[in-house]
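*Asks:* Letter by letter, the chains look like this.
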Amino acid sequence: MLDSLTYGFFMPLFLYFSNTATPVTFPDQNAKYNEVFTINSLAEYQSSSVNSRFFFQALSGKFLDTDIKNSVSNSLASTNRIALDWNSELTYLKMGDSLFGGKNWGYFIGFKNRLWAGSGFRDAVFNLGFYGNAPYAGQSLDLSNTWGNMMMYQQIGFGLVKQFPDKKVKHTLGGGVYFVNGNFNIDFTSRNMTFYTDTFGQYVDIEADFRFRQTNPDNFTPFFPTGQGVSFDLFYEIRFAKGNALFMQANDLGFISWNDFSRTITVDTAVRFDGITINDIFSIDDATISDIGDSLSSLFNAKTDSGRYMVSLPMSFHIAYAHPLASGKVWLYGGARHYLLRNWIPQVYARVAYYPAQWFMLGGQVAYGGPGGLQVGLDLGFNFGKGYLLNICTRNLEGIVPNTMATGASVGLRFAKHF
Amino acid sequence: MNTYLYPLLFVFAMLGYSCSMNGPEWDVDILAPGAETTLDIANLVGSEYISTGQQGELYLDFEQTVYDFNLDTLTNIKNVSSGDDIRWVLGNYTIPAGTILGAQVFSLDLNLDGVNLTAATIQDGQLQLVIKSLLRSGVTFTYDIPDATKNGVPFTLTDFISASNGTDTVLYTRVLDLSGYNLSLTGVNGNTYNQLKFFITPKFEDQVTVSQNEFMFRVENKIVNMSPSYIKGYFGQPQIVGGQDTAVIDFFNKIKSGTIDLPNLVADMVFENYLGANIRIFPNEFKGLNSKTGVMVPLTHPVIGNSINIDRAVQISGFPPVQAATQVISFNAGNSNIEQFAENIPDKILFSFSAQLNPLGNLAANNDFFFPRFPPEVKVKFNAPLKASINNIVFEDTIDYNLTDATELDNFRDGKFRIHVQNGYPLETEIQLVLLDDAGNVTATLFTNNTIAAAPVDGNLVVIAPQSSVVEVPINTDKIAALKSAKKMLIRARMLTLPQTQQVHLYAHYKIRLKIIADITYHINL
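In the order they appear, the protein sequences are chains S and X. According to this note's numbering, the first sequence is numbered sequentially starting from 24. According to this note's numbering, the second sequence is numbered sequentially starting from 9.
Calculated from the structure, these hints are not laboratory results. Hints should not be assumed to be uniformly reliable.
Dumping the calculated EDC-like pairs for lysine to aspartate or glutamate here, alpha-carbon to alpha-carbon at most 20 Å [as the list claims (entries may be wrong)]:
hint	chain 1	residue 1	chain 2	residue 2
1	X	K356	X	D258
2	S	K92	X	D355
3	X	K519	S	E58
4	X	K496	S	D90
5	S	K85	X	D527
6	S	K193	S	D51
7	X	K424	S	D51
8	X	K424	X	D527
9	X	K487	X	D117
10	X	K264	X	E438
11	X	K389	X	E293
12	X	K492	S	D303
13	X	K230	X	D92
14	X	K496	X	D527
15	X	K519	X	D48
16	X	K262	S	D297
17	X	K389	X	D69
18	S	K409	S	D189
19	X	K86	X	E228
20	X	K495	S	D303
21	S	K85	X	D418
22	X	K300	X	E228
23	X	K424	S	D221
24	S	K92	X	E33
25	X	K519	S	D297
26	S	K85	X	E33
Since this is a predicted model, take the numbers as computed values, not measurements.
Here chain S stands alone, though its shape is the one from the complex:
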């Protein structure tokens, strides 16, 4: 089994060019193939403090009562993180071709869809947003250094893979380039922000220094071409004679330039709002109520610019080591991932995959970091023979049933056909 694994030409350790850092399953059974078609989707949310019960309640549009808000508020740190990442990928990889006058080349064609949202926020942001300002009258709330970003985009791309096999190690290098079609984006960054409510509500003092960018708010449509960009994936894998391997990958090195219908609002001001002035209280109408909101907006003296802006994609880096045991019936993995995002702390993980039968894999993973904390995962794999594979996984077994302890939830589904 080890021989075929070690010297099998094709079988990668991790899915090449995937944003999901997903190990390939059933490597021994499928090493004989040199083509694979994969449908892979992984949706996950991770947070340092927002528990899965709150998250599911919010996501399903339900009412967030005081208890559930308290369950989050009580676990808030001074700064907090949350991210939502939903990757869906449709890829084809073929190895063993001869290109450019040389052997051991492969190529890759892929289509990806990604919805990504992330935020780093102060505890006061959550409390102000979900409890209101009344409980904090007389206190100055620090909302500084809060940011949030949400974007949806598609990538269609092409990649090349080159292997350098010898008797002891096999080096594999790959790179891909993508055209990026951006659909929508919201980007908020605050620097210094404070919010003070007078004890008796006579006035509200707001110190605001923030930037808000947004693509055309009238067209938040999935797949609509609102922005374009380019991105790159790179990886390097080294496979040793005993089957152990080291894998390094960088994904989504790129950007999107959003179109001219976008706008950027910048505010740098300190204002006191003490109500709108009504000249004739005996002629109140709908407009009077609307004027309160308009008056508050105008106080900020916001500078609004229309036009293009550019954002970088959520770039990620992944390094992993894999080691087979018991003639490949057990695989151990260790790795680290990092996103160049302010709400990420480097994530480390350890993983084990056990193959009790040729048709079944049972895997588990423990991870810590990223936008969340401790995560415990479960991975089930099914080999239907003739190259057909199915994997179902979660990286947050602790959050799969919504509860107030877990601060992450995820579910992944992968189908592969090897040829």
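Knowing the structure of chain S, use the given hints to seat chain X on it.
*Replies:* Quick look at chain X alone, frame taken from chain S:
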């Protein structure tokens, strides 16, 4: 839900979220200023009723027209008509084609009762011209009214009547619009009145033989719905009898109960004569009724029950085109019971006036004039210092408002609006806002803790500093619904000057500052 369904829920929820963007809901507690406003006595009673003295002291300055004299009899132009036959007065004769007869002159008597008009300007109205012809020739005619001019151009019409067969009458009818025309009504010779003259000049288009005294055609003129904007002449000496009439005093109508002590009250009854004729007015009676208490106080003054002669107005250029002659009768504590009359807070005044025009005859030699838009009228003016002792006056006013489309209110759940009041008046006030439906039924009351404390005064009864109070409007979803659905709001205020029994002067710098603080639960639905 089965636990194994949660991962699927995750996926489907994300799919659903991305497609429908239906977001979560939660409640937040808002404590924030909403609005602020400044009120003064002018806002409450109407700035048209308030004037300011040199020291900033305020006066109640009330003026209302209580009676317009009805002079329809002067301007009632009936739909009168006239008809004249045109016959060939010479012997038998063959009239060559193209012959023009001399102008035939007619006159129409307006037949006005006792009014001799020499001129008029027509606001609206027509003249119906009917010509009945038995002439065996087509006739082109010119119809002129030289005494009807518009922008200096006399009225003229040229038209054609087809030939008759000698047996069947050819009928020509035309309605002529005289709106805006100035008419001279002095007749053919310019020395009479109520007469409008016409000319018709026929031209024979065909050769025709006529015999002596043969009927050729008939001309009929008829006034149709004519009303003047100006008349001139001699209006006679008609008696204008006015029955008992009632005027509603809007301001006092808003005061529902309580008493008020108004010192140094001066009131004027002003007779304004916009009529270009002398007029003698008989103010027969003038009584004030407080319909809440049922108390009626007749106003006493030497002029009540007697007569007043008022000069004629003067016609001027510009607008208005008339300068009224004014006669002012003053009422004060020395010559009348005006204070008792006003302190009764009459919301209705019952009165009767009669009048006679030109009591001394045709002094102006047929130069009386009248613009119906400006009838003689009687006004009542009060001017009293707002220095009063107010004892539990209850003021009520209903205002229209519309918050139907204020969707922002839909998300209000419960809590209260706190209204911080800085009262600069030495008036203790209990205020209540009552919401009314279309039928006037009460749907909700807004205030609790609704007493606004009076500002303290110094030894001269001048306010030292505004007094702070807080009144509250508790709200819940039912009250918000009532606030949105109601279209009217009744403002009820009970006021009491402090110190009691002392007459406190109000000044222009006295203000009430209101600041509305929202302390509410607000529902957010993304």
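*Asks:* Each hint should be assessed against the structure and marked as holding or not.
*Replies:* Status of the hints after comparison with the structure:
no., hint, in the structure
1, X:K356 / X:D258, "holds, 9 Å"
2, S:K92 / X:D355, "violated, 59 Å"
3, X:K519 / S:E58, "violated, 86 Å"
4, X:K496 / S:D90, "violated, 41 Å"
5, S:K85 / X:D527, "violated, 25 Å"
6, S:K193 / S:D51, "holds, 16 Å"
7, X:K424 / S:D51, "violated, 71 Å"
8, X:K424 / X:D527, "holds, 5 Å"
9, X:K487 / X:D117, "violated, 70 Å"
10, X:K264 / X:E438, "holds, 14 Å"
11, X:K389 / X:E293, "holds, 17 Å"
12, X:K492 / S:D303, "holds, 19 Å"
13, X:K230 / X:D92, "holds, 12 Å"
14, X:K496 / X:D527, "violated, 25 Å"
15, X:K519 / X:D48, "holds, 5 Å"
16, X:K262 / S:D297, "violated, 33 Å"
17, X:K389 / X:D69, "holds, 7 Å"
18, S:K409 / S:D189, "violated, 29 Å"
19, X:K86 / X:E228, "holds, 16 Å"
20, X:K495 / S:D303, "holds, 17 Å"
21, S:K85 / X:D418, "holds, 18 Å"
22, X:K300 / X:E228, "violated, 61 Å"
23, X:K424 / S:D221, "holds, 17 Å"
24, S:K92 / X:E33, "holds, 12 Å"
25, X:K519 / S:D297, "holds, 19 Å"
26, S:K85 / X:E33, "holds, 6 Å"
Consistency with the previously given hints fails for numbers 2, 3, 4, 5, 7, 9, 14, 16, 18, 22, ordered from lowest to highest.
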